[in-house]
Amino acid sequence: MLLPDRIKSDTVEDWVTWAFVGFCFFLALFKDVFPWLDKGLTAALFAAVFLILRQLRDLRIDLRNKEFQEDYYPTGNQLYSSVISAIVETRHEICATYFRDTPPSPAVGEEARRYFKKVVDFARTKGTVRRIIKVDNPQLTDWCLEQARLAETVPRLNVRVLNPGSGGVEPMNVIILDGTSAYLSFAGATPDQVGGVRPPGGKHTAFLQARFNEHWRRAKPIAEFVRSKEFRQISGHPIDAHGSASGWPSPGVDLEQS
1 MLLPDRIKSD TVEDWVTWAF VGFCFFLALF KDVFPWLDKG LTAALFAAVF LILRQLRDLR
61 IDLRNKEFQE DYYPTGNQLY SSVISAIVET RHEICATYFR DTPPSPAVGE EARRYFKKVV
121 DFARTKGTVR RIIKVDNPQL TDWCLEQARL AETVPRLNVR VLNPGSGGVE PMNVIILDGT
181 SAYLSFAGAT PDQVGGVRPP GGKHTAFLQA RFNEHWRRAK PIAEFVRSKE FRQISGHPID
241 AHGSASGWPS PGVDLEQS
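Using the UniProt record's numbering, the letters of the sequence shown correspond one by one to residues 1 to 258.
These aren't lab readings, by the way, just hints derived from the structure by calculation.
The structure displayed is predicted, hence computed values, not measured ones.
Hints are all accurate, no fakes.
No more than 20 Å apart at the CA atoms, straight line, and that leaves these computed lysine to aspartate or glutamate pairs for DMTMM-like:
id, residue 1, residue 2
1, K118, E146
2, K117, E89
3, K203, D71
Label-pair restraints from in silico Cβ distances:
id, residue 1, residue 2, range
4, T102, E214, 19 to 27 Å
5, P155, D101, 26 to 34 Å
6, I84, Q233, 30 to 38 Å
7, G202, R232, 38 to 46 Å
8, V88, P171, 26 to 34 Å
9, Q233, G201, 36 to 44 Å
10, G165, G188, 16 to 24 Å
We put the CB at the ideal spot given by N, CA and C, even for glycine.
Given only the sequences and the hints, what does the whole structure look like? Please build it.
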């Protein structure tokens, strides 16, 4: 958003530019009638080149400032709408973490539902998805089972579990696209309060990617986790004779909405 002083300055500059163009046109039109105007036209051309170089400098500065500009999304719908648009341009890999205390909630908005579905569609048709989730309370166990079933049916959707209690875990909710751009999302006091930022510059993304890769290395594959003693203690789901959690959802469950 432009400040009033900047708007006023741009307006004055536009008027000066048009006046200069008109002056140059006058010199070019009448230089044959008044030969002494020829020298003025030459000087005007030098001035025109100077103005062009100045505009290029200003454009370069604006582009540089934009590169380091941080985009802020105060609502979940705004955040996920931007991520969905960025996923369309993503070619190879999506890395995402989910370190919240509750499963994805419809209260966040329609765009959140579309985002989770878009990620699954990406794994089905385009590239690889690596998702790290935490499962440290009973509210998350059913969603964890849904994610396990989904990962089983979509080969390029890879899900692992890493709980902050493991030590050395930074529970950042991050979405990284092709290792070149990233989003950070933040949750509020209630499930519907979600917002986020898009950090500027490649160094931020490289740092977040490195942290994600470290967490991924330490995380446990979800199929292994749902059969573990840790999951049974958290969820209270009994383990059947084949070592599977009895809460495993049936194939008919619409898992992509989660």
